[in-house]
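In the order they appear, the protein sequences are chains A and B.
Residues in the first sequence are numbered consecutively from 1, following full-length UniProt numbering.
Residues in the second sequence are numbered consecutively from 1, following full-length UniProt numbering.
Worth flagging that the hints you see were computed from the coordinates, not collected in a lab.
Heads up, a few of these hints could be off.
Said to hold, decoys possible - Some but not every residue of chain A turned toward chain B, in silico, with C-beta under 10 Å: (1) THR42; (2) ASP45; (3) VAL83.
Glycine included, C-beta positions come from ideal geometry on N, C-alpha and C.
Each chain, letter by letter, is given below.
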Amino acid sequence: MFDIQIQDGGVIKLSGRFDAAQADHAKAMLQSVNRSATIDLTELDYVSSAGLGVLVQTYKRLHDSGYSLRLTNLKPRIRSVFVYAGLDKVLQLE
Amino acid sequence: MVERRFPRELGSLEPMTRFVAAYLDSRGLDPEHAFTVDLLIEELFTNMLKHGKGGGPEVSLCLAGEVAELSITLRDFDVESFDPTSAPPEPTRGDRGLGLRLVRQLSDSIRYEYKERSAVITVTKKVAL
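Hey, can you work out the whole structure from these sequences and the hints?
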């Protein structure tokens with residue numbers, strides 16, 4: 001079960017399993033974000049390259065417009081996926 | 001060893017995770033291994049869907065091994081050959097190639113075979129109780 005909630009104040013909460021079957025839905029939701037934002041991953045249990053790709057695309061879109069994207073509260077194994085993919089050097093992980 | 005066929009579509013990811021959980025439970029393996037096994041399977045499976053031209057209505061997922069090492073095999077039937085192991089080791093552009101990079105990082109071995117129009121990819125992963 002995957003869920004994405006876009007809250008006031010530029011906070012986005014992802015929860016559950018962010019796999020390839022959820023990528024199109026997440027991408028469409030994140031398209032509505034058009035200023036600096038924080039994605040809270042406290043309740044994210046799983047992410048694959050498809051999920052990473054959506055986050056990278058969102059980061060690039062915002063960055064190209066002069067905005068920032070922070071990812072916060074990553075569980076250790078979620079963080080490890082970002083590290084294995086080499087994205088800890090690209091994205092702002094906190 | 002257990003083998004099951006799944007429809008060649010993204011909707012198979014969820015039943016595949018249940019298949020993995022049941023296998024780990026039946027072998028007395030730590031369910032925490034499911035995270036890595038699910039990730040390896042998803043990356044290989046979605047790679048098949050994306051790059052395997054043609055392809056039958058189903059793919060086969062085979063899990064083998066006990067304590068120490070798990071073997072994961074995905075077989076795509078009646079498909080053109082596409083060898084993911086021949087891809088460059090680093091993502092080629094932006095977010096492309098991330099899946100294979102994850103597979104290389106998370107697995108202990110990866111092998112591709114193509115025979116009689118079946119593409120077979122096998123990865124192994126060392127595990128502990």
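With a cut-off of 10 Å, does the beta carbon of VAL83 (chain A) approach a beta carbon of chain B closely enough for the hint to hold? 9 Å, holds
Minimum Cβ distance from THR42 (chain A) to chain B below 10 Å? Not OK, violated: THR42 (chain A) not within 10 Å of chain B, min 17 Å.
Minimum Cβ distance from ASP45 (chain A) to chain B below 10 Å? 8 Å, holds
Of the numbered hints stated above, the single one contradicted by the structure is hint 1.
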